[in-house]
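Colleague: Build out the structure end to end from the sequences listed, making use of the hints.
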Amino acid sequence: MTAATPLTPGQQPAGGRQVLSFLVGEQEFAVDILKVQEIRGKSSITGMPRTAAWVRGAMNLRGNIVPVIDVRARLGVTDGAATRPVIVVVSVGPRLVGLQVDAVCDVIELPAEAIEPPPEIKRDDDVIEALARHGERLLVLVNLEELIG
Amino acid sequence: MASIDFGQFHQTFFDEAAEHVRTLEAKLLELETNPDDPELHNALFRAAHSIKGASAILGFEVITRLTHAMENVLEAVRGGQVRADGALGSLLLEATDLLSGCVELTRTQSACPDVAPMVAKLERVSGGAPTQASAAAPAAKSAVPARWEIVFRPSPRVFANGLDPAFALQDLAALGRVEVEALLDQVPALPELDPESCFVGWRVFVETAASKKELEDVFLFMDDARELRISRADASAPPPTAVAAGEAKAPALRKQADGATLRVATEKVDALINLVGELVISQAMISRSLSHYTPAELPRLREAAEQLERHTRDLQERVMNIRMVPIGTIFNRFRRLVRDLSESLGKTIELDVSGEETELDKSMVELIADPLMHLVRNAADHGLEAADARERAGKPRAGRISLGARHQGGNVIIEISDDGAGLDEARILARAVERGLVSPEAKLLPEEIHELIFAPGFSTATQVTDLSGRGVGMDVVKRAVSALNGDVSISTTRGRGTRFRLTLPLTLAILDGMALRVGEATWVIPLSQVIETIPLKKTPVTKLPGRGEVIQVRGNTLALLRAAELLGVPPDPDNKRPLAVVCEAGETRFALAVDELLGKSQFVIKSLEPNFKKLDGLLGATILGDGAVSFILDLMGLARLGRLTELEDRATGAVTPTVFKEAHA
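Order-wise, the sequence lines are chains A and B. Counting in the working numbering, the first sequence runs from 121 upward without gaps. Counting in the working numbering, the second sequence runs from 288 upward without gaps.
Treat the hints as calculated values from the structure; they're not laboratory data. Take the hints with a grain of salt, since some may be wrong.
[Stated by the list, open to error] Far from chain A, by Cβ distances over 12 angstroms, these chain B residues were calculated:
1. Arg434
2. Arg513
3. Ala680
[What the hints assert, rightly or not] Distance windows between CB atoms, simulated:
4. A:Gly200 x B:Arg864: 35 to 43 angstroms
5. B:Ile609 x A:Val212: 30 to 38 angstroms
6. A:Ala223 x B:Pro827: 47 to 55 angstroms
7. A:Val212 x B:Gln396: 27 to 35 angstroms
8. A:Asn263 x B:Lys730: 49 to 57 angstroms
[What the hints assert, rightly or not] Calculated pairs, DSBU-like style, for lysine-lysine (alpha carbon to alpha carbon, straight line, at most 30 angstroms):
9. B:Lys824 x B:Lys887
10. B:Lys730 x B:Lys830
11. A:Lys162 x B:Lys900
12. B:Lys887 x B:Lys649
13. B:Lys682 x B:Lys634
14. B:Lys887 x B:Lys900
15. B:Lys830 x B:Lys863
16. B:Lys408 x B:Lys500
17. B:Lys825 x B:Lys863
18. B:Lys887 x B:Lys825
19. B:Lys555 x B:Lys649
20. B:Lys893 x A:Lys162
21. B:Lys634 x B:Lys408
22. B:Lys893 x A:Lys155
23. B:Lys900 x A:Lys155
24. B:Lys900 x B:Lys649
25. B:Lys901 x A:Lys162
26. B:Lys901 x A:Lys155
Ideal Cβ placement from N, Cα and C applies to all residues, glycine included.
Modeller: See the structure below:
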């Protein structure tokens, strides 16, 4: 494979990964950039009946009804709520899901050696896929399948 | 020679082959009642022959072999050498099944099963191998070559049908010595001549040992010819007989839409294109008015908006119309099903079908096929008694299943009824008690007992036949129908039979709904299930300890479900005028307490899948005028949510049947 080969969805630059990082509370999280479809500012979200507390509701994405997950509630983050949350629309398998986060930070190229497995404290629904160092920052790479449940 | 890419023809082949297979199946079933109808023989032969020809061109050898063998048998039937009795019909149906499988497997580029055994069986019927069949013919031929006169004027549209009369002439030439004379008397003068129509006819003298039948076969696919006369031209000729073209043959096969493609009349598409044009114009008018808006523009803007609305409505109607297909497409499958059931159950079953032309949305037709099939199967397996039992009951030995469809208001009603034993309430109740669905002391109304057969895991068949015991019960039917926003009801008379009635909306795409407010959110419910609205302020609500609330509406006691609680949203504490909407979902009537009615309208139904997991109590979502999402409530689902705890109550004994307990959402 040459360097000029375009990346197909799901593929990552050899060795490393390109991720989109976002803030929830004080912590910086990151998801695979190729899973991110778009980022939305203010959207009208309709609450959904009979769903988990962390399901914020549903929004209209150009005629598609897309569920929105409150990542703050999902991860149990309590500190410093944002006044103007942002919605990161990710595609996971056949599903489109909106992730409501406090702010979007960066697109970061992570070399392979910067990524390390999560600490050995396993839980049932482990949304932490890996940890990554980026300069002074520590990013939590999120396992989207687990996150959206 | 440049190779031709056949890929583009494959889809056409598969579409057409599927159609021909359906024709074969339908006609074979008809053949059972009319074994000697030459029209049927011809139609069958044509279908098999068409698949054979096309598959041979595309190199689908297995299909060619099989259809060739079928064709030979049908040829023998046509020629009267073999009679199309029940056994032959069964064999051909079996072959059709195999063929259908092969076509499907070829389409998905999978390996086909071995057709050799079936081909061998077919060849035994057609009087040995195909070579033998043609060997028998020369024996007859060898007598004396006869001289025939053929006058043939093809239909002017023959080219448009993809046929070339020259082939027919070549085929004749292959049968013997020919003299051909063109009949040009009907060719118009050059200015009036349409180059795409055929005005030429031919007179052909053939000297051949072939039979008249073989000569007629040459023109098999030109049955719409203006003139076709085949007569003996020699001295010993029998009196000439004319085959009046188009008269003796069956009308063009009715095409039926199915599968992933939809055939639409060109006019319908043209009309749509026109409408879209109009729509663009109205939209442009609005944009222009808005771009340099002055108050003086208002009337024009209003007019343009009205136009836009009208065109949008028209467009919606016509687009819907395109998707409408007759339900007969699935009813026809049931003829086959009933026949097979009749055989495997050893019961004689007659199937009555009515209202095949009733149209409903194509996707609906496909989704309703399985539940219907289940109901038909159930009627045959559980509904109808064995012949002896029927006789003892003074009924004809043959059981009868009727399948009917009709439009009623904005709905399609499909009814499946049998003249069997009717539902056995005692047995149903006993089974329900055994399964723990109701308590032994429970006092249920007959209708409630009937409803029990829709409970998950319920089945009264004492024997596991190859029909029952498939792990699908009536609950699947009920769920499938509610998923289509429809409803199933039962009426049954002991000893007389059972009728299932399915009420379905015409389409899945648009819902006539009522918008209402619960808490801060707007919700939509299907208008068809709304009976009336009553102000709660003037209606006394009775709290039944531990069992929710009821209200009196026109002398009936109805359970009152609080939408806010079922949906888990905070109710509006300041609401001065709470309302109860009386709904009917399935056989269940209840009142739903809401905060406000916002009015009725049409809502475009947006699917929640695949972005959402299955959500109880929701049919789907819609997008309101302001772009916000609103959920469409599944009233049946809500009733179920409200009822869950009640079923538990039943298990413990105490129960007031018409009262539901509120759900603790």
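Colleague: Evaluate each hint against the coordinates.
Modeller: Results for each hint:
Residue-level check passed: arginine 434 (chain B) sits 71 angstroms from the nearest beta carbon of chain A, beyond 12 angstroms. Interface exclusion of arginine 513 (chain B) from chain A stands, the closest Cβ pair being 53 angstroms apart, more than 12 angstroms. No beta-carbon of chain A is positioned within 12 angstroms of the beta-carbon of alanine 680 (chain B); the least distance is around 49 angstroms. Here the CB-CB span from glycine 200 (chain A) to arginine 864 (chain B) is close to 42 angstroms, well matched to the stated 35 to 43 angstroms.
Taking 30 to 38 angstroms as the suggested C-beta distance range, the pair isoleucine 609 (chain B) and valine 212 (chain A) conforms, at roughly 34 angstroms. Between alanine 223 (chain A) and proline 827 (chain B) the C-beta distance comes to about 54 angstroms, which sits within the given range of 47 to 55 angstroms. For valine 212 (chain A) paired with glutamine 396 (chain B), a C-beta distance near 30 angstroms keeps the hint of 27 to 35 angstroms intact. The hinted range of 49 to 57 angstroms is satisfied by asparagine 263 (chain A) and lysine 730 (chain B), whose Cβ atoms lie roughly 54 angstroms apart.
Our distance criterion of 30 angstroms between C-alpha atoms is met by lysine 824 (chain B) and lysine 887 (chain B), whose separation comes to about 22 angstroms. A distance of roughly 22 angstroms separates the Cα atoms of lysine 730 (chain B) and lysine 830 (chain B); the hinted pair therefore holds under the 30 angstroms criterion. Of the pairs offered as hints, the one joining lysine 162 (chain A) and lysine 900 (chain B) holds, with about 25 angstroms between alpha carbons and a cut-off of 30 angstroms not exceeded. Of the pairs offered as hints, the one joining lysine 887 (chain B) and lysine 649 (chain B) holds, with about 26 angstroms between alpha carbons and a cut-off of 30 angstroms not exceeded.
Straight-line distance between C-alpha atoms of lysine 682 (chain B) and lysine 634 (chain B) comes to about 13 angstroms, which keeps the hinted pair within the 30 angstroms bound. A hinted pair counts as satisfied when its Cα atoms are at most 30 angstroms apart, and lysine 887 (chain B) with lysine 900 (chain B) qualifies at roughly 28 angstroms. For the hint linking lysine 830 (chain B) to lysine 863 (chain B), the alpha-carbon distance of about 20 angstroms falls within 30 angstroms, and the restraint holds. As the CA atoms of lysine 408 (chain B) and lysine 500 (chain B) are separated by approximately 25 angstroms, the hinted pair is consistent with the 30 angstroms bound.
Between lysine 825 (chain B) and lysine 863 (chain B) the alpha-carbon distance is near 12 angstroms, which keeps this suggested pair within the 30 angstroms criterion. Taking the CA atoms of lysine 887 (chain B) and lysine 825 (chain B), the gap is near 24 angstroms; set against the 30 angstroms cutoff, the hint holds. At roughly 16 angstroms between alpha-carbon atoms, lysine 555 (chain B) and lysine 649 (chain B) fall within 30 angstroms of each other, so this suggested pair holds. Among the hinted pairs, lysine 893 (chain B) with lysine 162 (chain A) is consistent with the structure: their alpha-carbon atoms are about 22 angstroms apart, no more than 30 angstroms.
Simply put, lysine 634 (chain B) and lysine 408 (chain B) have alpha-carbon atoms about 27 angstroms apart, close enough for the 30 angstroms limit, and the pair holds. For a cut-off of 30 angstroms, the pair hint linking lysine 893 (chain B) to lysine 155 (chain A) stands: about 24 angstroms separates their Cα positions. Straight-line distance between C-alpha atoms of lysine 900 (chain B) and lysine 155 (chain A) comes to about 20 angstroms, which keeps the hinted pair within the 30 angstroms bound. The straight-line distance between the Cα atoms of lysine 900 (chain B) and lysine 649 (chain B) is roughly 25 angstroms, inside the 30 angstroms bound, and the hint therefore holds.
A hinted pair counts as satisfied when its Cα atoms are at most 30 angstroms apart, and lysine 901 (chain B) with lysine 162 (chain A) qualifies at roughly 27 angstroms. Distance restraint check for lysine 901 (chain B) and lysine 155 (chain A): the Cα-Cα separation of roughly 23 angstroms lies within the 30 angstroms cut-off, and the hinted pair is therefore satisfied.
Hint compliance for this structure: no hint is broken.
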